[in-house]
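Asks: Sequence:
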Amino acid sequence: MRIVLCYPVGEKHIAQLQAAAPDFEIINAGQERIDELLPTAEIFIGHAKVPVNWDRVLDAGKLRWIQSSAAGMDHCLVPGVIAEDRIVVSSASGLFAPQVAEQTFSLLFGLIRRAPLFFRAEAKRQFMRLPTDDLRGKTVGIVGMGGNGRMIAKMLAPWDVKIVGTDYFPEQKPPEVAELWPAGHLDQLLQCSDYVILTLPLNASTRGLFGQQRFEQMKRGSYLVNVARGAVVQEAALCDALQSGQLAGAGLDVTEVEPLPPESLLWDDPKVMISPHVGAQSFRRVDDSTAMAAINLKRYQRGLTPYNLVDKTLGFPKPADLYRGQSE
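Counting in the numbering used here, the sequence shown runs from 40 upward without gaps.
Be aware that one or more of the hints could be misleading.
Cβ-Cβ distance ranges computed for the label pairs, FRET-style [stated by the list, open to error]: (1) E141 - P90: 41 to 47 Å; (2) A54 - R259: 26 to 32 Å; (3) K163 - Q256: 34 to 40 Å; (4) M167 - T352: 47 to 53 Å; (5) G176 - R259: 15 to 21 Å; (6) D279 - D62: 21 to 27 Å; (7) A160 - R323: 57 to 63 Å; (8) P170 - A196: 38 to 44 Å.
Don't read these hints as lab results, they were simulated from the structure.
From the three backbone atoms N, C-alpha and C, an ideal C-beta is built for every residue, glycine too.
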């Protein structure tokens, strides 16, 4: 019985996992050996950022559980994994929601207070005063009210804003949210929001969701912040919306292609703030990921479903299955 790891663990983390699963052999494959070793695993913990031959993994027939160390599941939810009933998948959804919310705030306030323009002026030693915008009194739309979306709403609430959202499960409205609509009511959210924050998962229905049609539904002069997945936004359409003035600015922690190519028009646009997919970074990240994985390892050995069990047809956990700091 083998557990294969592919996230930046240290010796203490491996020891913690070994204590939770003493009868398993644990191998730290890293990104360098994950493609080679994943077919030998019963359990995979981590996030492969290099190409993996999933057909070979499925043909080996050993894999029974994937515990992703990320919230986004596009790295492992390939059609074969989705179709294989014997493979259970769980995620890190919501585990780093506070960090994602802080990154959202850094992009949001940077746009509102014109930080890109001021940084450019500072580099030229120009003391240039420019108009800024306000958050107070505005409407913020959050697209996707999972763990990250809910944390952002909670942290935004004291700022005297109206928060609206869309979600697959609109009946579970957080108290901070004025209106929570079904996912199909996205245009309603776009038409009333001054700031639109994307925290939705990447799946077949959301890939490329934000293109020309969606940007035309947004209020002219509104802002977009994407801390979800880059591929939910069509970059060419975003550039057009910024150039035309339909959007006043965009804050992007993720991009359609990562790393963002040097020739992308987004780099030179003073209305854009870009961070290199660091929303979930934290000095606690590996510790917290390992702690949850250890809890789920104990549940796995007892025949219990893991916390953050992913609905493979949706690509994320249902609200009732979210990890909220429970013990095993």
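Asks: Taking the beta carbons of M167 and T352, is their distance inside 47 to 53 Å?
Replies: At 52 Å between Cβs, range holds.
Asks: Taking 26 to 32 Å as the hint, is the beta-carbon distance of A54 and R259 inside that range?
Replies: Given range 26 to 32 Å: violated, Cβ gap about 56 Å.
Asks: Per the hint of 21 to 27 Å, is the separation of the Cβ atoms of D279 and D62 within bounds?
Replies: Since D279 and D62 have Cβ atoms about 57 Å apart, the given range 21 to 27 Å is violated.
Asks: Taking the beta carbons of E141 and P90, is their distance inside 41 to 47 Å?
Replies: 31 Å Cβ-Cβ, so the 41 to 47 Å window is violated.
Asks: When you take the CB atoms of G176 and R259, is the distance between them in 15 to 21 Å?
Replies: 18 Å Cβ-Cβ, so the 15 to 21 Å window holds.
Asks: Hint says 57 to 63 Å; check whether the CB-CB distance for A160 and R323 agrees.
Replies: violated, 36 Å
Asks: Taking the Cβ atom of P170 and the Cβ atom of A196, is their distance within the range 38 to 44 Å?
Replies: Given a distance of about 27 Å, which is not inside 38 to 44 Å, the answer is violated.
Asks: Do the Cβ positions of K163 and Q256 conform to the proposed distance bound of 34 to 40 Å?
Replies: holds, 37 Å
The structure shown violates the earlier hints numbered 1, 2, 6, 7 and 8.
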